[in-house]
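Visitor: For reference, the chains in residue letters:
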Amino acid sequence: MTMNNQGRPTAPGTIEANELATISGDRGLDHEEPLIFDLGRDGMTGVDLPDVQLSETRLGGQRRKGPVGLPGLSEPEVIRHYVRLSRMNYAIDAGLYPLGSCTMKHNPRLNEKMARLPGFGDLHPLSPQSATQGALALISQLMKWLTTLTGMPAVAMSPKAGAHGELCGLLAIRAAIEARGETRKRILVPESAHGTNPATAAFAGFTIDEVKGTADGRVDMIELEGKLGPDVAAIMLTNPNTCGLFERDIRHMADATHKAGAYFYCDGANFNAIAGRVRPGDLGIDAMHINLHKTFSTPHGGGGPGAGPVVLSAALAPFAPLPLLVHDANGFRLIEDRDALPKGARPFGRMSAFHGQMGMFVRALAYMLSHGRDGVRQASEDAVLSANYILASLKDVMSAPFGDGPCMHEALFDDSFLAGTGVTTLDFAKAMIDEGYHPMTMYFPLVVHGAMLIEPTESESKESLDRFVHVLRELALEAKAGKMARFEGAPRLSPRRRLDETAAARKPVLRWRKKELPQAAE
Amino acid sequence: MRYHPLTPADRARMLAKIGAGSVDELFRDVPQSAVVPLSAFDLPDGQGEIEVERALSRLAAKNAAAGAGPSFLGAGAYRHHVPAAVDHLIQRSEFLTSYTPYQPEIAQGTLQYMFEFQTQVALLTGMEVANASLYDGSTATAEAVLMAQRVTRRPKAILSGGLHPHYAETVETVAALSGEVVRAPVTPGRSEDLASLIDDKTACVVVQSPDVFGLIRDIGAVAAAAHAKGALLIAVVTEVVSLGLLEAPGFLGADIVACEGQSLGNGLNFGGPYVGLFATREKFLRQMPGRLTGETADAAGKRGYVLTLSTREQHIRREKATSNICTNSGLCCLAFTIHLSLLGEEGLARLARLNHARASALADTLSRIPGVSLVTASFFNEFTLKLPKPAAGVVDALAAKGILAGVPASRLMPHDPTARDLLIVAATETTTDEDAAAFAAALKEALS
Numbered sequence: 001m002t003m004n005n006q007g008r009p010t011a012p013g014t015i016e017a018n019e020l021a022t023i024s025g026d027r028g029l030d031h032e033e034p035l036i037f038d039l040g041r042d043g044m045t046g047v048d049l050p051d052v053q054l055s056e057t058r059l060g061g062q063r064r065k066g067p068v069g070l071p072g073l074s075e076p077e078v079i080r081h082y083v084r085l086s087r088m089n090y091a092i093d094a095g096l097y098p099l100g101s102c103t104m105k106h107n108p109r110l111n112e113k114m115a116r117l118p119g120f121g122d123l124h125p126l127s128p129q130s131a132t133q134g135a136l137a138l139i140s141q142l143m144k145w146l147t148t149l150t151g152m153p154a155v156a157m158s159p160k161a162g163a164h165g166e167l168c169g170l171l172a173i174r175a176a177i178e179a180r181g182e183t184r185k186r187i188l189v190p191e192s193a194h195g196t197n198p199a200t201a202a203f204a205g206f207t208i209d210e211v212k213g214t215a216d217g218r219v220d221m222i223e224l225e226g227k228l229g230p231d232v233a234a235i236m237l238t239n240p241n242t243c244g245l246f247e248r249d250i251r252h253m254a255d256a257t258h259k260a261g262a263y264f265y266c267d268g269a270n271f272n273a274i275a276g277r278v279r280p281g282d283l284g285i286d287a288m289h290i291n292l293h294k295t296f297s298t299p300h301g302g303g304g305p306g307a308g309p310v311v312l313s314a315a316l317a318p319f320a321p322l323p324l325l326v327h328d329a330n331g332f333r334l335i336e337d338r339d340a341l342p343k344g345a346r347p348f349g350r351m352s353a354f355h356g357q358m359g360m361f362v363r364a365l366a367y368m369l370s371h372g373r374d375g376v377r378q379a380s381e382d383a384v385l386s387a388n389y390i391l392a393s394l395k396d397v398m399s400a401p402f403g404d405g406p407c408m409h410e411a412l413f414d415d416s417f418l419a420g421t422g423v424t425t426l427d428f429a430k431a432m433i434d435e436g437y438h439p440m441t442m443y444f445p446l447v448v449h450g451a452m453l454i455e456p457t458e459s460e461s462k463e464s465l466d467r468f469v470h471v472l473r474e475l476a477l478e479a480k481a482g483k484m485a486r487f488e489g490a491p492r493l494s495p496r497r498r499l500d501e502t503a504a505a506r507k508p509v510l511r512w513r514k515k516e517l518p519q520a521a522e
Numbered sequence: 001m002r003y004h005p006l007t008p009a010d011r012a013r014m015l016a017k018i019g020a021g022s023v024d025e026l027f028r029d030v031p032q033s034a035v036v037p038l039s040a041f042d043l044p045d046g047q048g049e050i051e052v053e054r055a056l057s058r059l060a061a062k063n064a065a066a067g068a069g070p071s072f073l074g075a076g077a078y079r080h081h082v083p084a085a086v087d088h089l090i091q092r093s094e095f096l097t098s099y100t101p102y103q104p105e106i107a108q109g110t111l112q113y114m115f116e117f118q119t120q121v122a123l124l125t126g127m128e129v130a131n132a133s134l135y136d137g138s139t140a141t142a143e144a145v146l147m148a149q150r151v152t153r154r155p156k157a158i159l160s161g162g163l164h165p166h167y168a169e170t171v172e173t174v175a176a177l178s179g180e181v182v183r184a185p186v187t188p189g190r191s192e193d194l195a196s197l198i199d200d201k202t203a204c205v206v207v208q209s210p211d212v213f214g215l216i217r218d219i220g221a222v223a224a225a226a227h228a229k230g231a232l233l234i235a236v237v238t239e240v241v242s243l244g245l246l247e248a249p250g251f252l253g254a255d256i257v258a259c260e261g262q263s264l265g266n267g268l269n270f271g272g273p274y275v276g277l278f279a280t281r282e283k284f285l286r287q288m289p290g291r292l293t294g295e296t297a298d299a300a301g302k303r304g305y306v307l308t309l310s311t312r313e314q315h316i317r318r319e320k321a322t323s324n325i326c327t328n329s330g331l332c333c334l335a336f337t338i339h340l341s342l343l344g345e346e347g348l349a350r351l352a353r354l355n356h357a358r359a360s361a362l363a364d365t366l367s368r369i370p371g372v373s374l375v376t377a378s379f380f381n382e383f384t385l386k387l388p389k390p391a392a393g394v395v396d397a398l399a400a401k402g403i404l405a406g407v408p409a410s411r412l413m414p415h416d417p418t419a420r421d422l423l424i425v426a427a428t429e430t431t432t433d434e435d436a437a438a439f440a441a442a443l444k445e446a447l448s
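Chains as they are written, first to last, in our numbering: chain A, 1 to 522; chain B, 1 to 448.
Don't read these hints as lab results, they were simulated from the structure. Beta carbons are placed, not taken as given, at the ideal position from N, Cα and C, and that holds for glycine. Some hints could be false.
Which stretches of chain A does chain B cover? Using the computed rule of at least three CB atoms under 8 Å from a CB of chain B, they are [as the list claims (entries may be wrong)]:
{"hint": "1", "region": "75-88"}
{"hint": "2", "region": "198-204"}
{"hint": "3", "region": "309-315"}
{"hint": "4", "region": "353-360"}
{"hint": "5", "region": "369-380"}
{"hint": "6", "region": "471-485"}
{"hint": "7", "region": "500-506"}
Just chain B, with the same shape it has in the complex (with noise of 0.2 Å):
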């Protein structure tokens, strides 16, 4: 086996330095009936790369992948073009291979950067302080209402009808389990009126923007209502690259901000791993969770990095933690730290503006198809246009032919009957006028 350097001849010498007579003997403490041998598993021998690459590569292949063909998914996963650089500088060996950096000494180059992590995420949100990253955006969001629930020691969560989904159910599963969790109705391309459930006994109003559908939301009167009451603003962003044009939440009142960072260095992958951001006011910091890096100084007085207030977390606090989790999303966070780096200031403001232009002229494209009507009158670069019949069919009919048209409404929200015909498109900056070109003839062909 490639990857075991021991011979036989290594593990005789070893056994014998042991004292045991064979490997079985170490394994004494196993009651000898659940000692199964190799034929008890119904799973093939070990293989060469050769093998293995020919294997996996055939499933590959069975699917269609977003760089195929013209893709216009979203809803809370987007394509875009990942720079070159990032991909290399996230497998380079001393931060592919490394662990949590506990031993800060050795570890500067993972701390370092998840400081400027977490400075990139404070700016991009306008937020005080954020952490290293959590698994994802919906898990960031669950985290987010049960913080609020620990800060306000309310137990309601009022979430938009405009949250994705998977996200709210996400939170139910988690928020439910000592607090109540009220969804508002959805009208998809519209507001609903969040103020009106916000009573004393609110922990938090989740507030999605660009909500599922794509629409943007007004965070600061949510906010502004939330706060009248006691009440914490969340703000959920599913798509980060829109921070690069619209208003970071944290101007808008926001309280604490979850995101999913997915779109900055990170690919596509099936749903993860991703990378989720969190941050907040620091006036909340000792009720935050997940890990934190903070500055200080060696004992040569030089500047470096640690693992700090981990007095929040289970390795310590074990059942007083404010979380049970354990990492963060590591690489996923480098590659978006580099990405961000690799962008700054005017390359996020062009990269922004291109995604809402390259959406705009498409939603003009589409919307003029007969039949086909543009729901969201705001929008960053992603939209939700209403069909003359339901959109899942019609994806398929695409799929079919290599475009991936969208989301249909219905994947996300079965039970609801006004989904039926709509459909969430997405375009970025790789979308190109051809893309756009073969999306609306076949759509046009698929509605006739």
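The shape of chain A in the complex, shown without the other chains (with noise of 0.2 Å):
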């Protein structure tokens, strides 16, 4: 079987199809949905468009001289491909999502109507800002909240997803050790980062010395300690870490970075767990992303959009990129260029073409407005409460490397209960889809074998939490007791079984193609 460089298989075995072959091919409500390009036929469209013949084209010579090779489809033909196609996902909507280090919690749904007023939804980016006064103003809203819960006197909006805010919180690094006259080129990553931090820091021209943890899943302060020198440009630490606890000596982490000369960076992934409760500006931290799409429960979308919001401390906030917002008697103001920047701001530059992701902005706010700081405090608790719930409900017949404390808002357990039964880690996240859930994060983090990440957020109802745990409890104790049978080519009853990821890098289709017409006979 082949494996990948985290010891995860990446190839299915082949199975024997025993079941009722049906004559259309789908089953039930399942449809089988071939790709849009078999589908439909030259000359129909699905928008109604004036047919314009241009007699003459000012395109510079340049206009196209074949056909796109796009297939034509009417409405209701594109409807119900799409509608098909979301039928083979599973959602948060639909049930319990437990994907840790990912937040998959309630997306509200008045959160989207908001977006969609077209003040916000069909306004451009380079109105005049005359006519742009309520946008900024709920931009400035949005920068307080964040400040607020951080307790961090700036913050930089335009990042446009985690990974994103990182880049720009280590640019601003990069620029205030510049500004000092320095140049610092190691950056101190734990072992148990997500692999944005590493890849992050080597996009801005670092170089990364990985730091080893404890037995007790923290970061190791001496070795910390021991690492931390004059060519040592700042740490990145995700806190609560990315094994779901909280950094006790956070710090004493940071004391120690400054008496170095260095910035702490914090990754803020995992804010949702202390927001409301506890101020990142308090622990010494100099720069955080928070992922709107996370805490602020913005929709994952299958993947995006997300945002990335950077909070600064006084030593970052003069770096932070363009545009600034500003407010005087004339009301706000957007600054888009170093012409007439406020006094003592330096940005390092711009992270995209425009103010960052305003649709986002929009539904984060509208979230935080309904929570209130209230509900953002009880979102935390209840996200940690139902953590610690599951990491109780199942510990005795799973197995939790830091089980003997309490964990944040997720809780980790490694692969040793799975030891000798024959069923792998694999098998037993497969086998929970056939049981109408989605798996929990699987080989994250990196620190413990066989990792099986557990986040249930806030948004599940006790009987929900029950149901899951019944469910894994049963599996656990099923697998121990040598039943294979339900993680044996495992999942069944999805609309895939296991698929070849193997093949599909060893030859890479990455496209439809239109298949060669056979040439005719002579």
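Both chains come to you apart, so use the hints to assemble them.
Guide: Written as structure tokens, this is what we have:
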């Protein structure tokens, strides 16, 4: 069996299809659906537009010579196609989605409605600023929520995702170090970090030095202090960390980092565990991105779009990227270039063309106004309570490497409870699919063998948690009892069985191509 | 709180199971001095839907929506009609509230539309492969430059003066870290001499067409000059609808195409979220950033899709990844795919012709106004006018009359004195004859 470098199998065995085949190939509500390119017919369109012919063009001689090659479909055909595709997806609206580190909490529909108000959704980014005062006021309100909740003096709003926010934070750090006339090239990253942390540090031109963890799942303070030195630009730490634990020594780390002349970057992916209770600014953090799509529940949308504003300490605030939002007697104003910068501002550059993910800002502010400070705190407490409830309910049948103490918003298990059973971590996850659940995060964090990271979020009722616990307990007990039936070849009840990732990577087929017509016989 | 299902009784029973006396005990690893009371936060308490909707609607009402009156704003974001079916479909729970398709057996919906998107982008751009989208056109352009630096192992990027200035700044911010970025001087309405800037250290030449002023560039000529010196040609498109009428950059010699896809399926949203299209040649596949979906089969032999070639990506390769990017622009990419599927070959061609026709008519109308001249001899749906006075003041005067007259070039290039009197004007299928007439009348008045 082929494995990837995390020890995860990437190719399935073959299985016998022993179910009754239907004539259509569909199975009740489960419809097979071809690619859009295999549907439709020439000349058809699902949008009625006037057929304007151009007697002359001003295209500089660059007019397209041939067709694009798109299929033609009517509106009902397109709708049916994408509705059928949607039904092949698991979703938080349909069931508990316990992906650790991803925070699959409820996405309120009010937020969708607000983002679609024409004053936000149909607002051009380069409209005269006098015509966008409400939008700028909204951004300003969101900035107040973010800086207040984090206890930080400033926030850069333009980063478009968590990883983009990391880049923004590190570029601010780089600019601050250059402004001091220093050169510092090394960034310390714990081995438990999200992959984006070392990738971003390398992207921003730094070298990465990994810091080991302790037996209780935290950063090794002694090793960290040993690695700090005059060439260290920053440490990048996730807190609560990727094992779902709070870094108890965080203030000590911040002090040691600052003493060495370095900056403290915090990956804020797990801010949802402490929002409304702990302010990162009080912990000595210099920069932290906030995934609005996690803590503040803008929808994940199958992988995006997100938003990753970065809160900044007083030391880094002057280096925040353009555009900057200011407020004066004439109202709100965006500063989009280096002319007329506010006093002390030394922006390191620009993260993207416009002002950030406005659509996500509206949703996040709607979430905040709905929750209020009390609701934000309650959300964090319920998320932590629910994760601890999962930990307490499962640790006798699954193995929890750091299960002696409480966890934060996610409960980490490893695969040692499966040792000798013949059931792999992946089998266990795939069996959950047949039970109607999306699996937890698998094989991450890398510091634990066969990691299974469960984040229930605050959005589940106790009944839902109990049912989930019951299913996982039964699966664990069956695995330990050597009952293989639910695991071998799982999942069996999903739209697809296990897919061959090895074949996909070996001979990549990344797009549809028109089939060559067979040559007519002479 | 309407979103929190746990009751006080549930919480008590859960704490009992855990063996904790209170929630505070669960936070015992947090230094006690770092725990703050609610009163430390100068923020309001929670509100019902009615109150939140009222507050946000008030803010929205203070903005001039593009659809509320005649609007001619473009310069990287365009108002098009998005069919009602698009927004309905992307709000289906199964698309809206799913995560990255890491469990492909229960994420075929997402994976298949991403595969369709990749195919559509490859077809539109005339390239061999495309990824499943990046954040937006500007970040896609920056990623393209970094990729060209990796492929050629050369440091220098040459940016055409016609590249949207915000795109150029986005590129400079990341590409100047390890390389060199040269911005060619800009002459609105003209193509600059890029060939003479290319040397044996040049990784790539970046050309936007139509450029920020709307001028259609000869990508083929620049590509030939770049290739002659071993450099790559990066074509940038900020108005994707133009590819329905203009030759695909891939057929003109582009090695990488970076494109803003907002025009299809996505609203203006005050600048985001948008969707960045990224396409290249197959031989550069392993250097490409971003998420990719590939076709494969499941254990029963059925066709299916998975995320693939993730050995390029951060979660596997960490600091050796081709990019730090961890997401695509999922739902925006879906909106793009559905809109383009609705249009099809015929619909896209009609849409593109209609845009060009509307812009041509508007350019004729406006350039007949005394003192106004057309700067861009060629264009798709956006052109630049030279006014007899500073454009920013004219735009403000027309905005006061409810007409969003276009983007003054000085907003994008405040340091360039030649930009002062230039107005960048866009027309789309949403522009009516009445809009054009109102614009012409108001402009005439403002200039008299």
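Visitor: Flag every earlier hint the structure violates by its number, smallest first.
Guide: 3, 6
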